[in-house]
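Asker: Take a look at the letters that make up each chain.
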Amino acid sequence: MVTGTRAAVGIASRGSIGRDRRRALFWSYFFLAVFVIFFLTPPVYMLITSLKTSAEISAATSPWWVFSPTLANYVELLTSSTYLTFFRNSALVALLVVAITMLISIPAAFALSRMRFWGSATLATGVFLTYLIPDTLLFIPLFKIFAFVREATGIELLDRWWLLVIVYPTLTIPFCTWIMIGYFSSIPKELDEAALIDGAGYFQLLTRIFLPVALPGVIAATIFAFTVSWAQFLYPMAFTTSADQLVLPVGIVTTLIKGDVFNWGQIMTGALLGALPPLVIYAFLMDYYIAGLTAGATKG
Amino acid sequence: MARVTLRKVVKRYDETLAVRGIDLDILDKEFVVLVGPSGCGKSTTLRMIAGLEDITDGEIIIDGETVNDVPPKDRDIAMVFQNYALYPHMTVYENMSFGLRLRRAPKEEIRTRVQDAAAILGIGELLERKPKQLSGGQRQRVAMGRAIVRDPKVFLFDEPLSNLDAKLRVQMRTEIKRVHQKVRTTTIYVTHDQIEAMTLADRVVVMNGGVIEQVGTPDELYHAPATRFVAEFIGSPAMNLVPCHLVETSSGLGLHLDDNLVLPVPADRIRRYQPYAGKSLLFGLRPEYMVERRVHTGPHQFDFEVLLEVIEPMGMDTFVHFLVNGMDVCARVNASAGARAGQRFTLCADLDHLHLIEHDSGKVL
Ligand SMILES: Nc1ncnc2c1ncn2[C@@H]1O[C@H](COP(=O)(O)OP(=O)(O)OP(=O)(O)O)[C@@H](O)[C@H]1O
Ligand SMILES: [Mg+2]
Numbered sequence: 277m278v279t280g281t282r283a284a285v286g287i288a289s290r291g292s293i294g295r296d297r298r299r300a301l302f303w304s305y306f307f308l309a310v311f312v313i314f315f316l317t318p319p320v321y322m323l324i325t326s327l328k329t330s331a332e333i334s335a336a337t338s339p340w341w342v343f344s345p346t347l348a349n350y351v352e353l354l355t356s357s358t359y360l361t362f363f364r365n366s367a368l369v370a371l372l373v374v375a376i377t378m379l380i381s382i383p384a385a386f387a388l389s390r391m392r393f394w395g396s397a398t399l400a401t402g403v404f405l406t407y408l409i410p411d412t413l414l415f416i417p418l419f420k421i422f423a424f425v426r427e428a429t430g431i432e433l434l435d436r437w438w439l440l441v442i443v444y445p446t447l448t449i450p451f452c453t454w455i456m457i458g459y460f461s462s463i464p465k466e467l468d469e470a471a472l473i474d475g476a477g478y479f480q481l482l483t484r485i486f487l488p489v490a491l492p493g494v495i496a497a498t499i500f501a502f503t504v505s506w507a508q509f510l511y512p513m514a515f516t517t518s519a520d521q522l523v524l525p526v527g528i529v530t531t532l533i534k535g536d537v538f539n540w541g542q543i544m545t546g547a548l549l550g551a552l553p554p555l556v557i558y559a560f561l562m563d564y565y566i567a568g569l570t571a572g573a574t575k576g
Numbered sequence: 170m171a172r173v174t175l176r177k178v179v180k181r182y183d184e185t186l187a188v189r190g191i192d193l194d195i196l197d198k199e200f201v202v203l204v205g206p207s208g209c210g211k212s213t214t215l216r217m218i219a220g221l222e223d224i225t226d227g228e229i230i231i232d233g234e235t236v237n238d239v240p241p242k243d244r245d246i247a248m249v250f251q252n253y254a255l256y257p258h259m260t261v262y263e264n265m266s267f268g269l270r271l272r273r274a275p276k277e278e279i280r281t282r283v284q285d286a287a288a289i290l291g292i293g294e295l296l297e298r299k300p301k302q303l304s305g306g307q308r309q310r311v312a313m314g315r316a317i318v319r320d321p322k323v324f325l326f327d328e329p330l331s332n333l334d335a336k337l338r339v340q341m342r343t344e345i346k347r348v349h350q351k352v353r354t355t356t357i358y359v360t361h362d363q364i365e366a367m368t369l370a371d372r373v374v375v376m377n378g379g380v381i382e383q384v385g386t387p388d389e390l391y392h393a394p395a396t397r398f399v400a401e402f403i404g405s406p407a408m409n410l411v412p413c414h415l416v417e418t419s420s421g422l423g424l425h426l427d428d429n430l431v432l433p434v435p436a437d438r439i440r441r442y443q444p445y446a447g448k449s450l451l452f453g454l455r456p457e458y459m460v461e462r463r464v465h466t467g468p469h470q471f472d473f474e475v476l477l478e479v480i481e482p483m484g485m486d487t488f489v490h491f492l493v494n495g496m497d498v499c500a501r502v503n504a505s506a507g508a509r510a511g512q513r514f515t516l517c518a519d520l521d522h523l524h525l526i527e528h529d530s531g532k533v534l
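So the sequences go chain by chain: F and S. When we follow our numbering, the leftmost residue of the first sequence carries the number 277, and every step to the right adds one. When we follow our numbering, the leftmost residue of the second sequence carries the number 170, and every step to the right adds one.
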């Protein structure tokens with residue numbers, strides 16, 4: 277009786293549900309298409325320009341077509357030792373920053389999400405608030421501090437690529453700690469308690485239970501830290517000047533723009549190549565970014 | 170295996186007193202169930218025994234050692250959680266062996282112990298699976314297996330069956346009892362389900378509002394509740410409670426329920442109740458001690474006629490409801506007794522099983 281009624285209702289309403297669904301799908305795809313076009317236009321433009329010679333770029337031909345494609349820009353950059361130095365500096369900075377960030381953020385997030393101690397809630401909010409202070413506000417005071425350190429101790433911090441390894445974590449640690457606090461808090465507390473009762477200490481709990489389960493959250497934080505260090509422009513622009521100390525974003529701008537001469541082909545090539553590592557990392561880590569890794573931990 | 174003793178244990182969370190000083194002595198190999206309504210402090214008590222919560226005041230002794238400041242990992246206990254808390258990234262085998270691996274037990278020993286536990290629980294086939302590939306009942310078994318493998322001094326269970334459907338719950342209940350009869354580890358089990366408590370326990374601890382109402386065997390709680398709370402909480406359907414006056418009659422004492430119904434107090438109880446004569450009390454009698462009229466088998470059976478309001482056939486028996494002094498009262502009659510709603514019916518009450526409860530203190534007299 278009951279099932280019969282339900283089936284009848286189902287048949288009666290299927291038509292309209294199907295129509296609503298189709299309309300929703302249409303608009304989803306419509307807006308997706310708009311966004312794809314909007315966001316992919318610049319990279320496509322860059323790719324096209326990077327395949328042109330300087331002569332063709334300045335000629336009045338269509339900017340959306342290459343008439344005589346060439347890899348000259350790529351060859352030139354990849355054999356230029358300055359560009360490779362930028363690349364190396366960027367990679368070193370990003371990797372070291374990710375390492376330092378994780379080393380500090382993971383235990384911090386673990387403690388703030390799991391151990392109730394006096395002021396832990398305030399501290400967690402405080403961590404996030406520090407992230408809200410923009411770097412545009414900080415770079416001049418920071419510059420002053422570094423100059424002061426040089427005067428006081430004789431240690432030269434300015435114009436050294438590794439200075440960035442010290443500065444970037446001030447951006448990455450608060451945010452990474454924050455997102456990991458959120459993720460860690462979603463892991464059922466009974467999981468730790470079971471491990472504690474099973475005989476784990478806090479360190480074993482962290483390394484053998486918590487991190488494997490929280491991996492998606494840690495990976496999200498890693499991606500963020502890497503992207504921030506790779507793309508940061510203001511600090512390296514302010515703190516480094518010598519060609520051998522520059523990172524990629526600043527290096528491209530300062531060496532490929534000479535006065536008012538813009539070497540567009542190489543700028544586009546350099547930027548495209550520079551965008552490659554984050555892309556590779558996303559593609560690689562997304563495979564591991566399996567949400568629902570916690571499924572099955574509890575009742576499910 | 171060990172004895173667990175709680176002495177004046179108190180737990181305070183900022184404002185609320187979750188546990189207000191409880192004393193409890195749990196014997197070696199005993200299966201004790203803490204039961205009570207939601208929020209009465211059962212889980213808190215269990216978690217203090219596990220070492221997951223600090224003790225505000227009092228003392229907890231496991232196997233002769235005061236463990237107030239001993240961390241969970243050194244208390245040699247195992248706990249099964251309501252949501253199982255299996256490690257999702259480990260296989261069943263790894264889940265069950267985790268505690269032993271942390272203690273660096275020899276590989277061979279781990280293998281035999283896991284296999285023994287798996288055999289007891291019938292999960293030998295599942296050892297290579299991950300928790301998310303298991304059904305609720307299977308996860309429940311794995312969680313128990315993880316506890317058994319460790320061979321701890323005490324098992325702690327916190328509502329381990331409440332996530333299972335009704336049928337599986339009954340099945341796992343039997344399973345838990347079977348496992349306890351096999352491994353004989355001291356067990357403390359928390360539930361809010363009084364049937365689970367009655368069926369599993371050697372002794373039941375009834376808690377309410379952070380204190381212990383009564384400790385006793387299921388039989389004691391059922392037949393000799395100490396307080397009104399226990400009398401109402403244990404048993405299904407619940408004990409009938411009707412306000413009454415204890416009056417003096419020509420033959421001794423009588424319970425005046427309403428103008429048409431005065432029950433004689435059994436002779437052997439008159440001494441006990443005499444001091445309360447003239448007082449207003451609560452009369453309690455379980456439904457199964459009110460049956461259809463039959464040949465009297467004891468001296469204190471009493472026939473009276475009622476107007477049946479509602480009939481609930483249960484198969485073998487039928488619950489019949491009627492009003493006494495405006496209160497709903499339930500009796501349990503044989504299905505073939507011919508009870509019908511809206512008709513008058515003669516019931517026979519066995520007054521040997523009556524309880525009298527003082528209104529203010531809630532004490533059973
Ligand atoms: N972490 C906490 N902070 C503050 N109060 C708490 C905390 N944990 C429990 N309480 C309070 O302590 C009391 C007892 O809680 P407890 O969890 O022991 O109840 P319970 O008997 O297990 O109930 P349930 O059957 O619902 O699980 C409740 O009033 C609860 O609100
Ligand atoms: Mg509870």
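Since the hints were made in silico from the structure, they are not lab data. Incorrect hints may have been included.
[What the hints assert, rightly or not] Simulated crosslink set (BS3-like; lysine-lysine; CA at most 30 Å straight-line):
| no. | chain 1 | residue 1 | chain 2 | residue 2 |
| --- | --- | --- | --- | --- |
| 1 | S | Lys177 | S | Lys322 |
| 2 | F | Lys465 | S | Lys336 |
| 3 | S | Lys346 | F | Lys465 |
| 4 | F | Lys465 | S | Lys177 |
| 5 | S | Lys242 | S | Lys346 |
| 6 | S | Lys301 | F | Lys465 |
| 7 | S | Lys276 | S | Lys299 |
| 8 | S | Lys276 | S | Lys198 |
| 9 | S | Lys242 | F | Lys465 |
| 10 | F | Lys465 | S | Lys322 |
[What the hints assert, rightly or not] One side of the interface only, derived from the structure: several residues of chain F facing chain S at Cβ under 10 Å:
| no. | residue |
| --- | --- |
| 11 | Glu432 |
| 12 | Glu466 |
| 13 | Asp468 |
| 14 | Ala471 |
| 15 | Asp474 |
| 16 | Ala476 |
| 17 | Gly477 |
| 18 | Gln480 |
| 19 | Leu482 |
| 20 | Arg484 |
| 21 | Ile485 |
| 22 | Leu491 |
[Claimed, not checked] Per the computed footprint, the stretches of chain S lying under chain F, defined by three or more beta-carbons under 8 Å from a beta-carbon of chain F, are:
| no. | region |
| --- | --- |
| 23 | 245-253 |
| 24 | 266-272 |
Note that beta-carbon positions come from the ideal geometry of N, C-alpha and C, so glycine has one too.
Asker: Does Lys242 of chain S pair with Lys346 of chain S here, judged by a C-alpha cut-off of 30 Å?
Answerer: Satisfied, since the Cα-Cα distance of roughly 26 Å is no more than 30 Å.
Asker: Interface hint check: Arg484 of chain F, Cβ to nearest Cβ on chain S, cutoff 10 Å. Holds or violated?
Answerer: Because about 8 Å separates Arg484 of chain F from the closest Cβ in chain S, which is inside the 10 Å limit, the hint holds.
Asker: Checking hints one by one. Is Glu432 of chain F an interface residue toward chain S, by the C-beta closer than 10 Å rule?
Answerer: Nearest chain S Cβ about 47 Å off; hint violated.
Asker: Test coverage of the region 266-272 of chain S by chain F using CB-CB distances below 8 Å; three residues minimum.
Answerer: n = 4 at 8 Å, threshold three: holds.
Asker: So, as I understand it, the hint says Ala476 of chain F touches chain S; can you test that by seeing if any CB pair is closer than 10 Å?
Answerer: This interface hint holds because 6 Å falls under the 10 Å limit.
Asker: With the threshold set at 30 Å, check whether the alpha-carbon distance from Lys465 of chain F to Lys322 of chain S stays at or below it.
Answerer: 24 Å, holds
Asker: Between the alpha carbons of Lys346 of chain S and Lys465 of chain F, is the straight-line distance 30 Å or under?
Answerer: 28 Å, holds
Asker: Straight-line Cα separation of Lys465 of chain F and Lys336 of chain S no greater than 30 Å?
Answerer: 28 Å, holds
Asker: Would you mind confirming whether the straight-line C-alpha gap from Lys242 of chain S to Lys465 of chain F stays at or under 30 Å?
Answerer: Since the Cα atoms of Lys242 of chain S and Lys465 of chain F sit roughly 16 Å apart, the hinted pair holds (cutoff 30 Å).
Asker: Next item in the hint list is Leu482 of chain F. Is there a CB on chain S closer than 10 Å to its CB?
Answerer: Since chain S brings no Cβ nearer than about 13 Å to Leu482 of chain F, farther than 10 Å, the hint is violated.
Asker: Does the closest beta carbon of chain S sit nearer than 10 Å to the beta carbon of Ile485 of chain F?
Answerer: 6 Å, holds
Asker: Mind checking the CB of Gly477 of chain F against every CB in chain S and telling me if the closest is under 10 Å?
Answerer: Hint holds; Gly477 of chain F Cβ to chain S Cβ min 7 Å, cut 10 Å.
Of the numbered hints listed earlier, those contradicted by the structure are 11 and 19.
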